[in-house]
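Asks: Chain by chain, the residues:
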Amino acid sequence: MLKKILAILLALTMVGMALAGCGPTGGPSEVRIGVNAELTGGIPVVGASCKNAATMAVNEVNDAGGLEVGGTKYKVTLFVQDNEDKAESSAAVAQKLITQNNVLALVGANASRNAIPAAAIAEDAKVPMISPWSTNPKTTEAKKYVFRACFIDPFQGRVVAKFAMDQLKAKKAAVLYDVASEYNKGIAEFFKKTFEEAGGQVVSFETYTTGDKDFSSQLTKIKNAGPDVLFLPNYYSEVPLQVQQAHKLGLTIPVVGSDSWGSEELIKLGGKDMEGLFFSTHYAPDIAAPVAKKFIDGYKAKYGSTPDDVAALTYDSFGLLFQAIKSAGKLDRQAVRDALAKIPSYEGVTGKMQFKEGSGDPIKSAVILQIKEGKFTYFSTAAP
Amino acid sequence: MPQPVTTLVQQTLNALQVGSVYALIALGYTMVYGILTMINFAHGDIFMVSTYLGFFAAAWLLGLALNMPLLVIFLSTLLLAMIGTATLAVIIERVAYKPLRQAPRISAVITALGVGIFLENFTLAVIGPEPRTIPPLFPLVNLNLSGVFVSTIQIVIIGVSVIVMIILDTIVRRSMTGMAMRAISFDKTIVPLMGVPVDRIISATFALGSAIAAVGGILYGMAYQLDPYMGIRIGWWAFISAVVGGIGNIRGAMIGGYILGFVEIFTPVFLPSSTYRDFVAFSLLLLLLVFRPTGILGRPIVQKV
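In order, the protein sequence lines correspond to chains A and B. Quick note: the first sequence, position 117, residue 117 per this note's numbering, numbers continuous. Quick note: the second sequence, position 67, residue 67 per this note's numbering, numbers continuous.
Calculated directly from the structure, the hints in this document are not laboratory data. Think of the CB as a built atom: it goes at the ideal place given N, C-alpha and C, for glycine as much as any other residue. One or more hints might be untrue.
[Said to hold, decoys possible] Label pairs and their in silico Cβ distance ranges:
id, chain 1, residue 1, chain 2, residue 2, range
1, B, 141, A, 286, 29 to 37 Å
2, B, 275, A, 383, 31 to 39 Å
3, B, 135, A, 203, 33 to 41 Å
4, A, 141, B, 162, 49 to 57 Å
5, B, 98, A, 88, 31 to 39 Å
6, A, 286, B, 98, 37 to 45 Å
7, B, 63, A, 70, 56 to 64 Å
8, B, 141, A, 344, 54 to 62 Å
9, B, 236, A, 198, 36 to 44 Å
10, B, 251, A, 198, 52 to 60 Å
11, B, 125, A, 301, 27 to 35 Å
12, B, 118, A, 338, 46 to 54 Å
[What the hints assert, rightly or not] Partner residues are not named here, just some residues of chain A that face chain B (Cβ under 10 Å, in silico):
id, residue
13, 45
14, 47
15, 85
16, 179
17, 208
18, 209
19, 215
20, 217
21, 219
22, 221
23, 238
24, 247
25, 250
Bound conformation, chain A alone (with noise of 0.2 Å):
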C-alpha cells in the first residue's frame, strides 16, 4: 500500500516538474511566434515563400536588438511547422505551436483549405492569428481573435469578373475548378456570382478534385458551351497543366486566373502556354513604392528570387504583429490582439491597409497582372 502511494506521489511531482519546466516561469524572456506554413504538399512554394519571409522580418528586428515592449527589448524567436498543405495537419500544427511552443501568436496557414482548420483552433485558445494568404471569407467570419493580410475573395472575385467583362469583353465564361478546395470553390462562386450580376453568362462550370491530373473530360466539355474566357481560380502547380491541356484540346480563348496564380513556378512549369494571360493578386513587384522596394531588394539579396505574393503578404503579417506586440506594451495574448484590431492604418509592401470594424479582414486594393515574355508584369488596380 505504502508503496503504491509513493509511487503515485513520484509520478504526480514528475508530472509537475514536466509542466513547470515548458510552462512560461516567471514572464518570458522572448518573443515567441510560430509558423505554420505548406512547406510539403501540393503547394511548396507557398510554404517556402511564407518560411523566408517570416525569417527575413525576424532577422530583422533581432539585428536591431529586439522587439522593444513596455520599455524591454526581447528576442524574437520563430517556431516553422510543416502543416504539408493538409486540413487535418494544418490544425494539428497550429495545437502543437499554442500547446508545446506556447507561441504569443500565430502566423499562417496560407491557403484557406489550412487556414480555415487553424483559425478555429485559434480562435477556440484566443491566441491571435493572422493568415498571410487565405483570402476565403470563412477563415475570419465570427472569429475575434483570427486576421488576415489579404483581400477576401467577394472582392477579388468582382475584380476578376468586372475585368473580364471591360477588358477582355466577354459576355460568356466558363470556369474550371478544384470542387474540394475551399479558397478555389469561395471564388469560383463569388466569380459566377458577379458575372452574372453584371449581365453575363457563365456557360460551363466545371470541377475536379486536389490531385488530379487530367482535365480533358471538363475542358472538351468546357469546348462544347463556346465561352469567351475561362478562369481558373486553381493553385500555381495546376493551372499550367489546366491551360496546356486546353491548349491541346484546340480551346484557345482569354484565361484568367487569380492571386493562386502568384508563384513565379507557374511560368516555369507553363513555358510560353502561359504567355499572355491575366490574373490578380496582391502586389506588383515591378511597380513597387519604396517600402515594397526595400524589401524586395533584401528578399532577393537573400534568397535570389524575386519575392512572391505570399512572401509580400507575410513579411506584412509579421509587420502588424510587430506593430500590435509594440503598442500592446505587453507579451499578453489578449493584449496584442486588442492592439492588432485597432492597427489604425498600415503601409505595407502590398499596399496600404486597414481591418475593417469589428473585422479581421483589411480593407486594400488589389492589382491586376499580366504574364509577358516570361514575367509576372503590372496591368491595373482595382480599388477596394
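Use these hints to put chain B onto chain A, whose structure you have.
Replies: Okay, now just chain B, sitting in the frame of chain A:
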C-alpha cells in the same frame, strides 16, 4: 462532323490516353499477384520513382548535347528508366518481400504499404516537393482532324502502350520465362519440384512488371506532372483496373485499365461533377466483388483439396 460526334470521338481519345497509363500500371499489380498471390501496394510508388528516373535520365541526356536525334534520346530515356526501375523492384522484392514469403499474406501486404510510404518520403526528402515535367522528347504538335484535336503525345501514349502490351503478351505466352511464370501461378507447390528456379522467376516478374510501369511513367511524366505523392491515386486506380479485369490475368488488366480510363473521362460527361469519379470507380469495384469476384477475365477460384 456534327458536334456530338466530334465530342464523342474527342472524349474517347481522352479516355484511351488515360486508360493506357492505367493499363500499363495494372499489369504490374496483376503479374505479381498471379505469381505470389500478394498485392504489391508499393507498385504505385515504384511508378512514381520511375517517372523521376525518366526525368533525370532525359535531363542528363539532353544536357550532354550530343546532337542525338530526339528519337534516340527518347528510347535511351525509356531504357534507362526501365532498367533503373526494374533494379529497384528486384531489390525491394529481395529485401522486403522474400523474407516474408512463408508469413501470412497480410504481413506482406502491410510491408508493401510500408515500402510505398518509404519511397514517397525518400523522394520527398531527396528531390523535394516541387512538381516537375519531363521535357518533351518528340515534337509536340496538335493536329486538328475536322474538329477533333489529337496531340502527338496522345498518339505516342496510346501507340507505345499498345506495343508494350503486345510484347508482354508475347513474352508471357511464348518464352520459357513466361511459361515458368504461368506455371508458378498455376501451382506453387509442384512447379518448384520440376526444377523451375522460383526465385529467379519471381525476380523476373517484378522486373518486367516495373519496367512496364516505367514506360507508363515516362509517358505520363511528359503529358502531366511528377510529384512525390502522384503514385497514390494512380496506384489505386490501376489496382482497381487489375481487379476489375480479373487480378492475376494479364489481358484482364489491360481491359480493366481502359475501362477505368473510360470511367474517369465519361463520369463528368454524364454526371454533374467530376467528384463522382472515385464514387463510380469504387462502386464498380464493389459491384464486381459481389457479383463476379474474379473479375472480367479471371478464372473461378478452385479450392484444391
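Asks: All hints, please: hold or fail.
Replies: To see whether the hints hold, each was checked on the structure:
no.	hint	result
1	B:141 x A:286: 29 to 37 Å	35 Å, holds
2	B:275 x A:383: 31 to 39 Å	37 Å, holds
3	B:135 x A:203: 33 to 41 Å	36 Å, holds
4	A:141 x B:162: 49 to 57 Å	53 Å, holds
5	B:98 x A:88: 31 to 39 Å	36 Å, holds
6	A:286 x B:98: 37 to 45 Å	59 Å, violated
7	B:63 x A:70: 56 to 64 Å	58 Å, holds
8	B:141 x A:344: 54 to 62 Å	59 Å, holds
9	B:236 x A:198: 36 to 44 Å	42 Å, holds
10	B:251 x A:198: 52 to 60 Å	56 Å, holds
11	B:125 x A:301: 27 to 35 Å	28 Å, holds
12	B:118 x A:338: 46 to 54 Å	49 Å, holds
13	45	7 Å, holds
14	47	9 Å, holds
15	85	9 Å, holds
16	179	6 Å, holds
17	208	5 Å, holds
18	209	6 Å, holds
19	215	9 Å, holds
20	217	4 Å, holds
21	219	9 Å, holds
22	221	7 Å, holds
23	238	9 Å, holds
24	247	7 Å, holds
25	250	4 Å, holds
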